[in-house]
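Enquirer: In case you want the letters, here they are:
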Amino acid sequence: MTTTIQQNGNQWIACFNGRLDTAAAAPTADAVKPLMEVANSEIILDCSQLEYISSSGLRIFLSIRKEAAAHGSKVIVRSINADIRQVFMMTGFISLFEIQ
Amino acid sequence: MDGLDFHCQLLLDEYRDALPTLQKMQEDVMERLHKALEHNKLAVTTVESRVKTEQSLAGKLALKGAKYTTLSDITDLVGARIVTYYTDDVDRIAALSEQLFEIDWNNSVDKRRLHQLDSFGYNSLHYICRIPGYDFRFELQLRTTLQHAWAAINHDTGYKSGVEIPREYMRRMNRLAGMLEMADDEFSRIRLEINDYRRRVQTLVANGKLDDVLLDGDTFRSYLQARPLDALNKRIAAINQAEIQEVPLIRYLRVLLALQCKTLGDVERLFRKYEEDAYRLARHQLGNTDLDIISSSVGIQNICIVCILATGGGKIGLVRLFDVLNGHNSQNDALAELTFEQAKNLHLWNLH
Numbered sequence: 001m002t003t004t005i006q007q008n009g010n011q012w013i014a015c016f017n018g019r020l021d022t023a024a025a026a027p028t029a030d031a032v033k034p035l036m037e038v039a040n041s042e043i044i045l046d047c048s049q050l051e052y053i054s055s056s057g058l059r060i061f062l063s064i065r066k067e068a069a070a071h072g073s074k075v076i077v078r079s080i081n082a083d084i085r086q087v088f089m090m091t092g093f094i095s096l097f098e099i100q
Numbered sequence: 101m102d103g104l105d106f107h108c109q110l111l112l113d114e115y116r117d118a119l120p121t122l123q124k125m126q127e128d129v130m131e132r133l134h135k136a137l138e139h140n141k142l143a144v145t146t147v148e149s150r151v152k153t154e155q156s157l158a159g160k161l162a163l164k165g166a167k168y169t170t171l172s173d174i175t176d177l178v179g180a181r182i183v184t185y186y187t188d189d190v191d192r193i194a195a196l197s198e199q200l201f202e203i204d205w206n207n208s209v210d211k212r213r214l215h216q217l218d219s220f221g222y223n224s225l226h227y228i229c230r231i232p233g234y235d236f237r238f239e240l241q242l243r244t245t246l247q248h249a250w251a252a253i254n255h256d257t258g259y260k261s262g263v264e265i266p267r268e269y270m271r272r273m274n275r276l277a278g279m280l281e282m283a284d285d286e287f288s289r290i291r292l293e294i295n296d297y298r299r300r301v302q303t304l305v306a307n308g309k310l311d312d313v314l315l316d317g318d319t320f321r322s323y324l325q326a327r328p329l330d331a332l333n334k335r336i337a338a339i340n341q342a343e344i345q346e347v348p349l350i351r352y353l354r355v356l357l358a359l360q361c362k363t364l365g366d367v368e369r370l371f372r373k374y375e376e377d378a379y380r381l382a383r384h385q386l387g388n389t390d391l392d393i394i395s396s397s398v399g400i401q402n403i404c405i406v407c408i409l410a411t412g413g414g415k416i417g418l419v420r421l422f423d424v425l426n427g428h429n430s431q432n433d434a435l436a437e438l439t440f441e442q443a444k445n446l447h448l449w450n451l452h
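Residue numbers (the working numbering), protein chains in the order written: chain A, 1 to 100; chain B, 101 to 452.
Keep in mind that the hints were calculated from the coordinates and are not lab data.
The structure presented is a predicted model; accordingly, all values stated were derived computationally and were not measured.
You may find that some hints are simply not true.
Here's a subset of chain B near chain A, in silico, CB distances under 10 Å, partners left out [unchecked claim]:
hint : residue
1    : Ala166
2    : Asp392
3    : Gln442
4    : Asn445
Where is the CB? At the ideal position from N, CA and C, for every residue including glycine.
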């Protein structure tokens with residue numbers, strides 16, 4: 001599992017690649033720390049290469065969303081696959097995020 | 101400053117010496133005002149202040165310097181202004197100011213009450229105040245946003261008083277002032293009536309008279325305060341011993357209206373009618389996973405899904421549901437398809 005973060009002006013893009021399971025949660029949480037301070041920006045969580053997400057992964061997405069809201073930023077989850085869409089649906093997270 | 105007589109020059113010298121004191125007084129005034137507004141939960145559009153500039157003071161002295169014996173005779177060296185949303189908040193903040201500061205009643209005017217039939221404009225409340233520890237007084241202006249807009253635009257015309265302005269324009273400015281005064285009164289009345297409506301709704305909800313309450317944003321919020329979906333969400337959470345992440349449910353108002361709920365009674369019946377199927381859907385979805393976090397929207401989401409499916413709304417109905425909740429986007433078709441296939445496996449409804 002790898003996470004890369006790019007900044008393009010007022011837009012921050014986090015690209016997740018692999019399986020965001022319990023084992024990957026801690027390094028991923030570290031990797032997304034720069035997003036926690038981003039203010040008044042758009043944060044895109046690019047999931048086009050994300051194969052799987054566990055509860056730990058959902059918690060990371062949730063904490064990004066909470067910090068973004070506190071700092072006036074907006075989070076968009078982009079390009080989730082069918083399995084992850086199902087996870088978002090089953091947990092009610094689908095109505096927490098803007099999904100593109 | 102050139103052109104000022106000796107007396108005025110002395111007043112200006114006095115001003116230069118007093119400037120740090122005036123600046124400190126400005127800070128103290130602002131601190132007291134901010135604290136009082138926050139403590140009393142009074143929302144306002146603007147709280148601002150200024151210390152009169154030397155240039156502005158010189159201009160004033162050039163016009164009427166002989167009127168002032170000492171600098172402390174000038175009451176607007178420090179000025180503060182609060183602009184409110186509502187006209188009754190002006191009165192509320194005036195009352196607060198009377199507790200915060202000592203009001204110099206001989207020099208304070210409520211221009212709102214001085215209006216004569218032929219008076220000019222739409223004016224505000226001006227208090228001349230003292231704050232302990234300072235020899236100087238300061239001016240506090242209280243006005244509504246509409247009064248402020250009128251005053252700002254009037255100021256922009258360049259006429260400083262009603263005497264200067266040509267009669268034709270004065271008449272038109274006064275027409276606007278009258279109109280804005282009526283608008284201010286109406287805004288205050290609307291606020292009072294909305295507050296009264298909310299109180300009545302809360303009473304009806306508390307007394308369980310849900311059929312008497314039309315469904316709208318206010319009433320739905322009141323209903324949600326009773327946490328009517330807690331039991332369902334806890335049952336769903338228990339499937340995987342999940343934690344529940346609280347989220348606002350107000351976005352489901354549009355869905356419930358689309359599902360023909362007219363009153364809170366309709367909402368209550370819909371919830372109770374479909375909560376068991378909503379739970380079964382959740383158990384079917386979550387039972388084979390180790391997902392141990394859910395949002396508090398999962399109960400109402402599943403109720404809406406099963407209601408749509410049970411009433412023959414099919415995949416198209418689900419797409420519409422997700423369009424309302426998530427905004428129209430291409431993912432919603434796939435989401436509807438997925439949900440429909442999962443629901444089919446429950447064999448609860450005759451789905452094809």
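Enquirer: Look at each hint and say if it fits the structure.
Expert: Consistency of the hints with the structure:
1. Ala166: violated, 54 Å
2. Asp392: Because about 5 Å separates Asp392 of chain B from the closest Cβ in chain A, which is inside the 10 Å limit, the hint holds.
3. Gln442: Status holds, d = 8 Å.
4. Asn445: violated, 13 Å
Checked against the numbered hints listed earlier, the structure breaks hints 1, 4; every other hint is satisfied.
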